[in-house]
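Enquirer: Read off the chains here:
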Amino acid sequence: MADASAARPSADLTPDEQAVIRPPLVLNQRKMGWIANYVSSIVEDKTPVWWWACLVPCLLLTGVLGFCIVYLISTGVGVWGNNHPVGWAWDITNFVFWIGIGHAGTLISAILFLTRQKWRTSINRAAEAMTLFAVICAAIYPGLHVGRVWMAWFLAPVPNANGIWQNFRSPLLWDVFAVSTYFTVSVLFWYTGLIPDLATLRDRAKTKIKKFFYGTLALGWRGGNRQWRHYEMAYLLLAGLSTPLVLSVHSVVSFDFATSVIPGWHTTIFPPYFVAGAIFGGFAMVLTIMIPACAIYKPLHDLVTVSHVDKMCKVIVFTGSIVGYAYIMELFMAWYSANPFEKAAFWYRAFGPFWWAYWSMMFCNVIAPQIFWFKYFRTHLVWVWIICQFPNMGMWYERFVIIATTLSRDFTPSAWAQFHPTWVDIWMFIGTFGLFFTLFLIFIRFLPMICMFEVKAVLPEADPHHGENHG
Amino acid sequence: MEGVGFNAYPLRTTAALRFRDGVAIRITGDTYPLARTQEARSMHGRDLFREGTLERYEDDPKFAGKMGMDGHIPPNISLYTHPELTSKEQWGMAVDLNTCMGCNACVVACQAENNVPVVGKEQVRKNRDMAWIRIDRYFAGEPEDPEMLAQPVMCQHCENAPCETVCPVNATVHSEDGLNLMAYNRCIGTRYCANNCPWKVRRFNYFDYNARPTTELYWGPLAKKGMADSLKMSKNPNVTVRMRGVMEKCTFCIQRIEEAKISRLVEAGPTDKNKVPVREFKVACQQACPSDSLVFGNINDPESRVARLRNGDRGYVMLKYLNTAPRVTYLARIKNPNPKIPGADQVGQANGAPHGAGHGEEPAEAHGAEAAQGRPAGHDEKTHSAEEVHH
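Keeping their order, the protein sequence lines are chains F and C.
The numbering of the first sequence is our numbering, which starts it at 20 and goes up by one.
The numbering of the second sequence is our numbering, which starts it at 115 and goes up by one.
These are computed hints drawn from the structure, not numbers from a lab.
Just so it is clear, the structure is predicted and the values come from calculations on it, not from any experiment.
Beta carbons are placed, not taken as given, at the ideal position from N, Cα and C, and that holds for glycine.
Just to be clear, a hint being listed does not mean it is correct.
[Claimed, not checked] Far from chain C by the CB rule (all over 10 Å, computed), these chain F residues: (1) VAL98; (2) ARG167; (3) LEU174; (4) TRP184; (5) GLN185; (6) ARG188; (7) ARG221; (8) ILE281; (9) PRO311; (10) TYR316; (11) ASN358; (12) PRO359; (13) LYS394; (14) HIS399; (15) SER433.
[To be verified] Now the in silico label distances, taken between C-beta atoms and shown as ranges: (16) C:LEU295 to F:ALA180: 46 to 54 Å; (17) F:PHE370 to C:ILE187: 46 to 54 Å; (18) C:PHE253 to F:PRO76: 50 to 58 Å; (19) C:TYR194 to F:ALA72: 24 to 32 Å; (20) F:PHE393 to C:ALA467: 53 to 61 Å.
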C-alpha cells in the first residue's frame with residue numbers, strides 16, 4: 020500500500036530508481052506509536068492558554084453574529100444595505116464566498132482519495148472539518164437573507180394546505196438541494212473517516228466522561244477485520260458520492276447567476292469558472308489555518324510536510340490561472356458578443372464606481388498567486404501564508420464584483436444605484452469568521468486533527484513487502 | 115430639515131405677496147443629501163425611450179420597431195414551457211410617449227389605489243422607494259439645453275417572465291389572462307425575481323413600512339407597532355396591505371379587473387358569461403392620466419383601443435431582444451420642430467440619427483456606432499461622480 024520506494028534505504032537503489040524516488044510522506048522516521056501518541060496528546064493534554072486566548076475573541080465575534088442575526092430577523096432585511104436594483108449584495112457574496120471555501124476539504128478527501136494521492140492523508144481531516152464549518156457559515160446567508168425567515172420552510176417540498184409546490188425551474192431551489200446534499204454527504208464522509216480514530220481516543224481515555232463521549236461517537240468500533248472491510252467499502256462509496264458533489268455544488272451555485280437574463284450573469288462559462296475558483300479559495304483557506312496549527316504543534320511538521328504545502332501551492336497556482344483565464348475570457352466574450360448591454364456591464368466592472376473591487380480581484384486572484392511558480396515561495400511557510408491571503412481576499416472581491424456590481428447597473432439606467440454596506444453587513448461577515456474559527460478551535464481541541472490510522476498506513480512499516488525487499 | 119423638507123414660504127408675506135426683494139442666495143458650503151429616485155441622466159444609448167421627427171416618421175412609419183438591437187434579433191425560442199393564455203380577455207397596456215409629459219399623476223394615483231407605502235426620505239435616499247409605476251426621466255441632446263424624455267415604467271407583465279422562472283416557491287406566477295401575479299402569502303422574499311427583472315420594477319418591503327413609523331424603521335421590535343386609524347382609512351380595502359419581507363409590484367390593478375369580471379357574471383346571470391363583454395373600466399394610472407397617455411384593455415379584441423395602438427405604427431416594446439414578450443407597448447414620440455427655432459436639429463434625436471438604408475451593406479460600422487453608445491459618455495460619468503461626492 021505505501022510507497023514502496025520510500026521503505027528502502029536510498030543506498031540500495033540503482034541510479035534510475037534514485038531519480039524517480041518519491042520523498043517520504045512522514046519525516047524523521049516517525050513510528051506508528053509516535054503518531055498515535057502525539058496526535059492524541061493534542062486532544063488529551065491540558066487545555067493550552069493560547070487556545071483560550073483564541074477562543075474567547077472568536078466566541079465574542081460569534082456573539083456579535085448572533086446579535087446581528089436577531090436584529091436582522093426582528094427588524095427586516097433593510098438593516099443591510101441592499102436596495103432596489105441591488106437585491107443581493109453582501110448576503111449572497113458571503114454565501115458564495117463561504118461555500119467556495121467549503122470545497123477544498125471534500126476535494127482533498129474524496130477526489131485525491133479516488134486518485135490515490137497518498138499525501139492527502141495528513142491534511143484531509145482538518146480540511147474536511149474546515150469544509151463543514153465553512154458550509155455552516157455559508158448556510159446562514161441563504162437561510163437569513165430572505166424577507167420572511169419564518170416562512171423559509173416553503174423551500175422544502177412539504178405537502179401543504181395551499182397545494183402550492185416548489186418551482187423546480189428556479190436555480191435557487193436547486194441551490195437549496197445542492198448545498199444541503201453536499202453538507203449531508205460531507206458530514207457522513209467526515210464522520211465515517213473519524214470512527215477508527217475516535218475508537219483510539221476512547222481506548223486511551225482515562226475519565227468516565229471522555230470514555231462515554233468518545234465511546235458513543237466510536238459506535239462500537241473494535242478494529243476487527245470485518246469492520247475494516249465494511250469501513251473501507253463505506254469510505255470508498257462515500258468518496259465516490261462526494262466527488263461529483265464537489266463539482267456540482269458550485270456549478271449549481273453559479274446557475275443562480277448563469278440562468279438569469281442579467282448581463283454579466285448570463286454566461287455559460289460560470290460553472291467551471293466557479294468550481295475552479297472555489298478550489299482555489301478553498302486551498303488557500305486550508306493553508307491559512309493549517310500553517311498556524313502546525314506552527315503551534317511543531318512536531319506536526321513531520322506529518323504535514325513542506326512537500327504537502329508545496330503541492331497545495333501548485334493547486335492554487337493552477338486553479339488561480341484557470342480563474343484568470345475565465346476573467347479574460349469574460350472580457351473577450353463581452354466584446355465578441357457585440358451585445359451592448361454585455362459590453363457595458365464589463366466596462367462598469369472595470370471602470371465604473373466599483374472599479375477598485377474589480378482590480379483588487381484581478382490582482383489578488385490572477386497576479387499575486389503567480390509567485391507560486393517559484394519554489395522558494397511554495398516552500399517557505401511564512402511566504403505561503405502571506406500569499407494565501409490574496410486568494411482569500413480576492414475570492415470575496417470576485418463574488419462582490421459579480422453580484423453587487425452587476426446588479427447596480429443592468430438594463431435600465433433609470434434604476435441604477437450604488438450599494439453601500441451597513442454596520443450589520445460588516446459585522447455579520449466578521450461574525451462568520453468568529454463562528455468559523457470557534458468551530459475550528461473546538462475541533463482541534465476535541466477531535467484528532469490528523470487522521471492517525473491513514474497516516475500510519477503511508478509509513479514504510481505499513482508496507483508488508485518492505486519495498487519489495489522480501490522479493 | 116429632516117422628514118419634512120424645506121419651507122420657503124415665510125419669505126412670502128402679505129407685505130410682498132407676489133414678489134419679494136432683498137432676498138439673496140449665497141453658497142453656505144454645507145451639503146445636503148438629496149432624496150431622489152433616479153440618478154442616471156442619459157439613456158446610455160439604450161433606446162429604451164424612442165422618438166423621431168415627423169420627417170422620419172413619414173419616411174418610415176414603423177421606424178420605432180426597428181431601432182437599436184431590434185433590427186438584429188435572431189429567431190428566438192424559449193427554453194421553458196409557459197402556462198397557456200386561455201382566457202378570452204388578455205390584458206395589456208399601451209403607453210403613448212407622444213402625449214406623456216411626465217406629470218407623475220399616474221404615480222400618485224397608483225400609490226393611492228394600491229396601498230403603496232410611503233417610505234420616507236431616508237429610505238428613498240437608500241433607493242428603497244416603493245412606487246409600482248415610475249416616470250423614468252432621461253436627458254438627450256446638448257447638456258446646456260437638453261431635451262427631457264419622460265417614460266412611465268411599470269411591470270411589463272411579460273408573457274415569458276424572467277421573474278417567474280426564478281422564484282423558488284412559485285410565489286410569482288402567470289394567470290390565464292396574461293397577468294404576472296404576486297402571491298404575497300407565498301412570497302418568502304428571496305428578491306431573486308427583482309434581480310432578474312430587466313425593468314427593475316419589483317419592489318421589496320425592506321421594512322414593515324405599513325406597520326412601523328418611518329422614523330423608527332431601524333428600531334425593530336422596539337418601534338411602535340400598528341397603523342393610525344386615519345391611515346388605515348386611507349387604505350384601499352380591495353387591495354392587500356403588504357407586510358415586511360415580501361415582494362410587490364404593479365398588478366395591472368387586478369382588483370379592478372376582478373370587479374369588472376364579477377359584474378359581468380352578474381350581468382350574464384344564467385347565460386354564457388363569455389358572450390357578455392367585460393364592461394369598460396380604467397386602471398388607476400390610466401384614470402389619473404390627464405393626457406390620456408395610458409391605455410389599458412383587452413389586447414385580444416382587435417377592435418379595442420389598446421390592441422389598435424399596440425399593433426400601430428409607433429408601437430415598440432422595450433428590450434425586445436430578451437424575448438420576454440411584454441404586455442406593455444410603448445408608442446414612440448414624434449416631434450415636428452419648427453426648423454427656425456434654435457436647436458431644432460436636436461429635437462427628436464434622442465436615439466441618434468437613423469442608420470437607415472446602408473444598413474444591409476455595412477453592418478459592421480453600424481454595430482460599432484451602437485456599441486459606442488452602450489458606453490457612458492465621458493461627460494455623464496463626470497457629473498455622476500460629482501453627485502456621489504455630494505451624497
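Enquirer: Look at each hint and say if it fits the structure.
Expert: Outcome of the hint check:
no.: 1; hint: VAL98; in the structure: violated, 7 Å
no.: 2; hint: ARG167; in the structure: violated, 4 Å
no.: 3; hint: LEU174; in the structure: violated, 6 Å
no.: 4; hint: TRP184; in the structure: violated, 7 Å
no.: 5; hint: GLN185; in the structure: violated, 6 Å
no.: 6; hint: ARG188; in the structure: violated, 5 Å
no.: 7; hint: ARG221; in the structure: holds, 44 Å
no.: 8; hint: ILE281; in the structure: violated, 6 Å
no.: 9; hint: PRO311; in the structure: holds, 37 Å
no.: 10; hint: TYR316; in the structure: holds, 44 Å
no.: 11; hint: ASN358; in the structure: violated, 8 Å
no.: 12; hint: PRO359; in the structure: violated, 3 Å
no.: 13; hint: LYS394; in the structure: holds, 44 Å
no.: 14; hint: HIS399; in the structure: holds, 43 Å
no.: 15; hint: SER433; in the structure: violated, 4 Å
no.: 16; hint: C:LEU295 to F:ALA180: 46 to 54 Å; in the structure: violated, 19 Å
no.: 17; hint: F:PHE370 to C:ILE187: 46 to 54 Å; in the structure: violated, 28 Å
no.: 18; hint: C:PHE253 to F:PRO76: 50 to 58 Å; in the structure: holds, 53 Å
no.: 19; hint: C:TYR194 to F:ALA72: 24 to 32 Å; in the structure: violated, 56 Å
no.: 20; hint: F:PHE393 to C:ALA467: 53 to 61 Å; in the structure: holds, 57 Å
In summary, the structure is inconsistent with hints 1, 2, 3, 4, 5, 6, 8, 11, 12, 15, 16, 17 and 19 from the numbered list given earlier, while agreeing with the others.
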